[in-house]
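Peer 1: Those protein sequence lines, which keep their order, are chains A and B.
Just so we're aligned, residue 1 is where the first sequence starts under this note's numbering, counting upward by one.
Just so we're aligned, residue 1 is where the second sequence starts under this note's numbering, counting upward by one.
Be aware that a few hints might be false.
[Said to hold, decoys possible] Here's a subset of chain A near chain B, in silico, CB distances under 10 Å, partners left out: (1) 73; (2) 90; (3) 93.
[To be verified] No farther apart than 20 Å at their CA atoms in a straight line, the calculated lysine to aspartate or glutamate pairs in the EDC-like style are these: (4) 224/A <-> 260/B; (5) 48/A <-> 90/A; (6) 104/A <-> 228/B; (7) 108/A <-> 216/A; (8) 308/B <-> 228/B; (9) 146/A <-> 85/B; (10) 146/A <-> 81/B; (11) 158/B <-> 146/B; (12) 224/A <-> 146/B; (13) 186/B <-> 121/A; (14) 224/A <-> 144/A; (15) 224/A <-> 262/B; (16) 158/B <-> 49/B.
Since the hints were made in silico from the structure, they are not lab data.
Even for Gly, the Cβ is constructed at its ideal location relative to N, Cα and C.
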Amino acid sequence: MNITRRRLLYLLPAAAIAWDAIIAGTPEAAPNYNMTDHWWGFLIDVTKCIGCGTCVQACQAENNVPDGYYRTWVERYHVAGWPEENPTVDSPEGGKHGFPPLEKEGGKNFYVPKMCNHCADSPCTQVCPVGATFVSPDGVVLVDQKYCLGCRYCIQACPYGCRFINPQTMTASKCTLCYHRITKGLTTACSETCPTGTRQLVDLKNPNDPAHKFIETHSVQVLKPHLATQAKVFYYGLDGSVR
Amino acid sequence: MHGIPVEGFMYPNEIELQWSVLIVLYPFLTGLVAGAFILASLERVFRIEEVKPTYRLALLTALAFLLVAPLPLQLHLGHPERSLEMYLTPHTSSAMAMFGFVYLWYLMAVLVLEIWLDYRHDIVVLSQTTTGWKRWLYKAMTLGSDNISPSALALDHKVGGIITIIGIPSAFLLHGYVGFIFGSVKANPWWSSPLMPVVFLFSAIVSGIATVMLVYMFLCRARGEQVDMRCVDTVAKYLFYAFLIDFTLELLDLIHRIYEADDSFRSLDFMVHTKLYIPHIVIQILIGTLTPIILLAITQVVRMTAAKRKVMYSLAGCLTLIGIFAMRWNVVIGGQLFSKSFLGYTTYKLGLIDREGLLVAIALTILPFFILWGLVKLLPPWEDVQGSHLEASYGDD
Numbered sequence: 001m002n003i004t005r006r007r008l009l010y011l012l013p014a015a016a017i018a019w020d021a022i023i024a025g026t027p028e029a030a031p032n033y034n035m036t037d038h039w040w041g042f043l044i045d046v047t048k049c050i051g052c053g054t055c056v057q058a059c060q061a062e063n064n065v066p067d068g069y070y071r072t073w074v075e076r077y078h079v080a081g082w083p084e085e086n087p088t089v090d091s092p093e094g095g096k097h098g099f100p101p102l103e104k105e106g107g108k109n110f111y112v113p114k115m116c117n118h119c120a121d122s123p124c125t126q127v128c129p130v131g132a133t134f135v136s137p138d139g140v141v142l143v144d145q146k147y148c149l150g151c152r153y154c155i156q157a158c159p160y161g162c163r164f165i166n167p168q169t170m171t172a173s174k175c176t177l178c179y180h181r182i183t184k185g186l187t188t189a190c191s192e193t194c195p196t197g198t199r200q201l202v203d204l205k206n207p208n209d210p211a212h213k214f215i216e217t218h219s220v221q222v223l224k225p226h227l228a229t230q231a232k233v234f235y236y237g238l239d240g241s242v243r
Numbered sequence: 001m002h003g004i005p006v007e008g009f010m011y012p013n014e015i016e017l018q019w020s021v022l023i024v025l026y027p028f029l030t031g032l033v034a035g036a037f038i039l040a041s042l043e044r045v046f047r048i049e050e051v052k053p054t055y056r057l058a059l060l061t062a063l064a065f066l067l068v069a070p071l072p073l074q075l076h077l078g079h080p081e082r083s084l085e086m087y088l089t090p091h092t093s094s095a096m097a098m099f100g101f102v103y104l105w106y107l108m109a110v111l112v113l114e115i116w117l118d119y120r121h122d123i124v125v126l127s128q129t130t131t132g133w134k135r136w137l138y139k140a141m142t143l144g145s146d147n148i149s150p151s152a153l154a155l156d157h158k159v160g161g162i163i164t165i166i167g168i169p170s171a172f173l174l175h176g177y178v179g180f181i182f183g184s185v186k187a188n189p190w191w192s193s194p195l196m197p198v199v200f201l202f203s204a205i206v207s208g209i210a211t212v213m214l215v216y217m218f219l220c221r222a223r224g225e226q227v228d229m230r231c232v233d234t235v236a237k238y239l240f241y242a243f244l245i246d247f248t249l250e251l252l253d254l255i256h257r258i259y260e261a262d263d264s265f266r267s268l269d270f271m272v273h274t275k276l277y278i279p280h281i282v283i284q285i286l287i288g289t290l291t292p293i294i295l296l297a298i299t300q301v302v303r304m305t306a307a308k309r310k311v312m313y314s315l316a317g318c319l320t321l322i323g324i325f326a327m328r329w330n331v332v333i334g335g336q337l338f339s340k341s342f343l344g345y346t347t348y349k350l351g352l353i354d355r356e357g358l359l360v361a362i363a364l365t366i367l368p369f370f371i372l373w374g375l376v377k378l379l380p381p382w383e384d385v386q387g388s389h390l391e392a393s394y395g396d397d
């Protein structure tokens, strides 16, 4: 087909409309986003989690997480009874494809989604030798990929096992709380796809945020509180056996 | 996914170990530096004349190991090309970042300066007596300072003494700080202990003294010279005392952990009795600590011939180094074998030829000895080369 100058002029608006449709899925930039107006946290309602692994899949797809590494994962707990020293825990492939049937009977069973706790006093940012990992003014722990040395001290310092070295970039990687989304007014990929509403983004500076209100009016708990990291992932219905 | 055997439950990102044998090597090498320097300072500051034959050798040994110490770290980094950022834009709350400055301070302000001052007379003499490229090298090493009058040498000696006095706390800082890098990680109960810097420091002194003792005896043998037994006996005595303190501190840490029995205790106790049994109980404690302590104790109380004592010291020295290396291994590797959930254990797979494999580790362990060989050739530590000028020059200083 010969493309004449006239025909090209006809095609250009069509191409522009098509391109517009392609980028329609991309959220608008948020020029009005003010970091100091927010203080992000997260709420996980353990009583609602069904261990489907959709959140893990969504996170991997959204953030290009390499196979075998996890920015979020789901653990299944089996607590046979009292007194039991240790619960039985599994998380095959981070729970990405759900869980096989449990062989053990009785006791209590539940799922616990895990992710970076975006601690306000985070040990990982404290130890970073160059400050490549930092807490943003809106309370998200992030890693500057262009600055990270890959020394892995932060991975050692994280009490929750949330960090890993991305084998493609050889830098530290972790949950960013989908920073590219939340700064555009969206929620995280895991919250977006969770079928039961287990996972919810919380703005701790917004008193009208329903998740914020939930935290204020319900008994919630953070993981490993004795380490005083000021974790901001709050769990509702968390069993004492969870590590 | 990772093909690594796991027992129980590990958080999925914990299965792969983050710090390899190279990070084991690193505190081992810096420990030898700190220990060797502290031995050298015994003569200089505390005027323990018996150990004088090892003084210069100890300084050169410290330098050889200190030059190699950053290499395992560089090889381990995901982005070694960015490592200079630690100096250019350091994060002041990071123990690791601040350690970079401690290292640099120790290397440049203490060790290199002290060696230069101590050898300045020899360097000037060598720059006048040698020919060819060596002459130019020694000339460059004089840094333009060729005054070797008795008053200038006396000044060198005085300044050197001051640097040694600064050097002792610096050496303590150097290795105490390595301990702090591990001891300050509150997420890891195997590491997190205020005793860690002290234990690291004393184990460093032990390993440094053992290395200098072994190198001195080896070099005497290689040069066909008599070993100064008065010197080696004294060095061995200090090794024995330092080892007793080191072992006491480690026992204190152990007893404290057992008695306190916090939430991590059962998990760690299980690990020590299973995965770490051979490296911890057998190699570190039985072979690498108790045996050399007993051997050294025997030499302290039983009268023996010089030949027998040399055998005992050599054996004790080698076992000491094995024990201290095992201690570093158990801290670094052991601290990553258990899950921070205290519900499972992973396995460390040591590669053979990869970037952080066994061959690289062996090469990095041998490299300081080659550098030491070069340094000994360049700056002979022997009395005969030094001549009696120093005694004469220092006068009654």
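Peer 1: With reference to the structure, classify each hint as holding or not holding.
Peer 2: Comparing the hints with the structure gives:
Interface restraint check: residue 73/A against chain B, minimum CB-CB distance 5 Å, threshold 10 Å, status holds. For residue 90/A, the shortest C-beta to C-beta distance to chain B is roughly 6 Å, which falls under 10 Å, so the interface hint holds. Because the beta carbon of residue 93/A sits about 7 Å from the nearest beta carbon in chain B, less than 10 Å, this interface hint is met. Proximity of residue 224/A to residue 260/B is assessed by CA-CA distance (about 19 Å); at most 20 Å being required, the pair is judged to hold.
Distance restraint check for residue 48/A and residue 90/A: the Cα-Cα separation of roughly 18 Å lies within the 20 Å cut-off, and the hinted pair is therefore satisfied. With a CA separation close to 71 Å, the supplied pair residue 104/A and residue 228/B exceeds the 20 Å bound. Annotation: proposed proximity of residue 108/A to residue 216/A is violated, straight-line Cα distance about 27 Å (limit 20 Å). A distance of roughly 14 Å separates the Cα atoms of residue 308/B and residue 228/B; the hinted pair therefore holds under the 20 Å criterion.
Taking the CA atoms of residue 146/A and residue 85/B, the gap is about 12 Å. The hint holds against a cut of 20 Å. Straight-line distance between C-alpha atoms of residue 146/A and residue 81/B comes to about 12 Å, which keeps the hinted pair within the 20 Å bound. The hinted pair formed by residue 158/B and residue 146/B meets the criterion: a straight-line CA distance of about 17 Å does not exceed 20 Å. Straight-line distance between C-alpha atoms of residue 224/A and residue 146/B comes to about 64 Å, which puts the hinted pair past the 20 Å bound.
About 13 Å separates the Cα atoms of residue 186/B and residue 121/A, which keeps this hinted pair within 20 Å; it holds. Taken as a hint, the residue 224/A and residue 144/A pair is broken in the structure, with Cα atoms around 26 Å apart against an allowance of 20 Å. Straight-line distance between C-alpha atoms of residue 224/A and residue 262/B comes to about 14 Å, which keeps the hinted pair within the 20 Å bound. Among the hinted pairs, residue 158/B with residue 49/B is consistent with the structure: their alpha-carbon atoms are about 17 Å apart, no more than 20 Å.
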